[in-house]
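Student: Spelled out, the chains give:
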Amino acid sequence: MKLMHTKLTEFVQRMVDAARLSAPEKKLNISGMENVRTAKLQSLRTGRIANAVKEIAEDDDVESIEFIICPRCPETMHTVIVKGIGKEGKGNKAIVETVDMLVPTEDIYLVDCEQVVDRRPMMSVYTDVEVKDGETQVQAGA
Amino acid sequence: MVKLKYKLVPNGSAEGKMPLNVALVNLKDVKVCGLTPEKACAAIAKSLDGPTAINIFDMEAVTTTSDGIMVDSAIVAMAASDRGKIHREYGFVPMAEIEYDDELIAIEPHLKQWDTNYKGRRLYRGPDVADKKIPVHNVAISGRACNNNSGTEMMDLVTMGEVLMPYIGQKEIMADGEVAIGLTGEIISVAIGMTVKEKFGRVFSTRRYRAGDTAHGSKEMAKTLKAEIPCIAASKRVHAGYIIKALQAGMVPGRDIGCAPAVLAIAKIMGFPINVENITEMAQAELDSIGFTADWMREKAEKHLTAEEVLARADEIVPGIVGMEVCKASELAEIRYAEIP
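For the record, the sequence lines run as chains A and B. Residue 1 is where the first sequence starts when you use our numbering, and the numbers rise one by one after that. Residue 1001 is where the second sequence starts when you use our numbering, and the numbers rise one by one after that.
I should point out that these hints are in silico values taken from the structure, not numbers from a laboratory. Hints may contain errors.
Listed next, the in silico DSBU-like pairs over lysine-lysine satisfying Cα-Cα at most 30 Å (straight line) [to be verified]:
no., chain 1, residue 1, chain 2, residue 2
1, B, Lys1245, B, Lys1199
2, B, Lys1219, A, Lys93
3, B, Lys1003, B, Lys1085
4, A, Lys26, A, Lys7
5, B, Lys1328, B, Lys1003
6, B, Lys1219, A, Lys83
7, B, Lys1132, B, Lys1112
8, B, Lys1028, B, Lys1039
9, B, Lys1132, A, Lys40
Please read all numbers here as calculations on a predicted model, not as lab measurements.
Given only the sequences and the hints, what does the whole structure look like? Please build it.
Tutor: Here you go:
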C-alpha cells in the first residue's frame, strides 16, 4: 500500500476538496501542472499535501490559496521530439533530442511569506545509502 | 570586528550589462576570517539582497579554461544567492581537486602544461560528480541567481539576462589587472564549443569532447547561439599571454588544446603547428562559418611574429568581443566587506 499512486485527476480533486471542505469561501488557484496530461502521483505525499491545503485554508489570516507545483530540482531534463507529419496526418519521420532547462528554485514564490514550513526531506534522503544490520538499504523517503 | 573582504561587480554595472551581482573572494581572506568556503559564501550572501553569483579563488592553485589553456589561480567553490540566502541544496558547489597522475596527463594531454608551467600547484576545474546535486550542469542555483559552468556563466533565471565571465577575466579582477567589456559576438559563440576532454571539467563532468571537436555540433548555427551576450573577459594582451605560454609548452591546437579562434590566430601568426587533420568535420564547419577555414590554417603567415610582437598587437591579432572597451578591474569591481555571524 505504501507505494500506491494517485491519478492526476484525483490528486487535483483532492486538493479542491480539501480547500472547499475547510473554507468554501476561499478561492484556490492551482498552477504548474498545465502541461501535465496524465500522471500518477505519490499517494503518501498526496495525503500530506491535501492536509497542507486544509491547514492553510483554515488559517484565519488566509483569504485565498495559491497551489503551485514547480520542479524540485532547478535543472529539468527533457526529451524533444521533432516530428514530421505526412499527407495523411501520420507521422513519417521524427528526430529525438534532449534539452536541459535551468529554472529558479522555489524561493521566488516564497519571498512574501513571513513563515515558511518546509516539510520536504533533503534530497540526500533518496540517495544516501546506509548500512544497517549488515544489509545495504536505500532510505525510501516515501 | 573581522569582516570578510570581497570584490563585487554589481548588478547593472558595466553600462547595464551585468544582469546580477557577481562577488569574487580570495580563499586567503576566507581563511583569515576562520570560515569555511560555504560559510564565507553565506556571509557574502547575507550582505547583498539581489541575485548574486559568488566565486572563491585560490590564487596559489591552477585551473584550465574550457579550451584547455592553463591559468594560475582557480575557483575552488561557487555559490548562488538571492535575497541574502543560499539554497540549502543547490546553492553551493565545491570544485574537485584533481590529483596529479601520469595516467591522467596521458588521457588529458593539455595537462602537460601543468608540469611545464605550473608544477606543484593544486589543480581545480569543475566539481566532483559526487558533490553535484544538479545532474547535468556544473551550476549553483538559489532563487533567481544561477552560477553556471563552474563559475564562468552567470544568469538571472527570471529576467533571463546572462553574462559570460571567462576565467582569465575573473582572475584579472582578483589580481587588479584590466578587463575587456563587450558582447560575445560570433567568434566567442563558436569558441565556447571548442572544449577539451576533462574529467570533472569546467563545463562537462565527463570527457565528452576532445581537442579538435565541438560541443556545439550545430554547424552554422553555432556562431549565433551565444553571439549577443554581455561578456567581461581579460584584455586581449593578457589572454594572448596565456595562449602563448601554452603554445610554447608544446600544446598543439586540435590535438592538445581546443580550436578556439584566439588560439588558432596566435598559433598561425607565431608559426606554431595546428593539427588541422584532427579537427572534426562538425568543428570545422563551425570554424568555416567565421572564416577559420582549413586552408587558412594550412597557409603560412606572411611573417611570423615573436611573442613580444603578438602581445604588442594583441588587440589586432586576437579575435572576439564586439564593441570592446578595456578598463581597470578596479573601475568595475568594488571592494566590499561582509559581516561574519
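Student: Name the hints, by number, that the structure is in violation of.
Tutor: none
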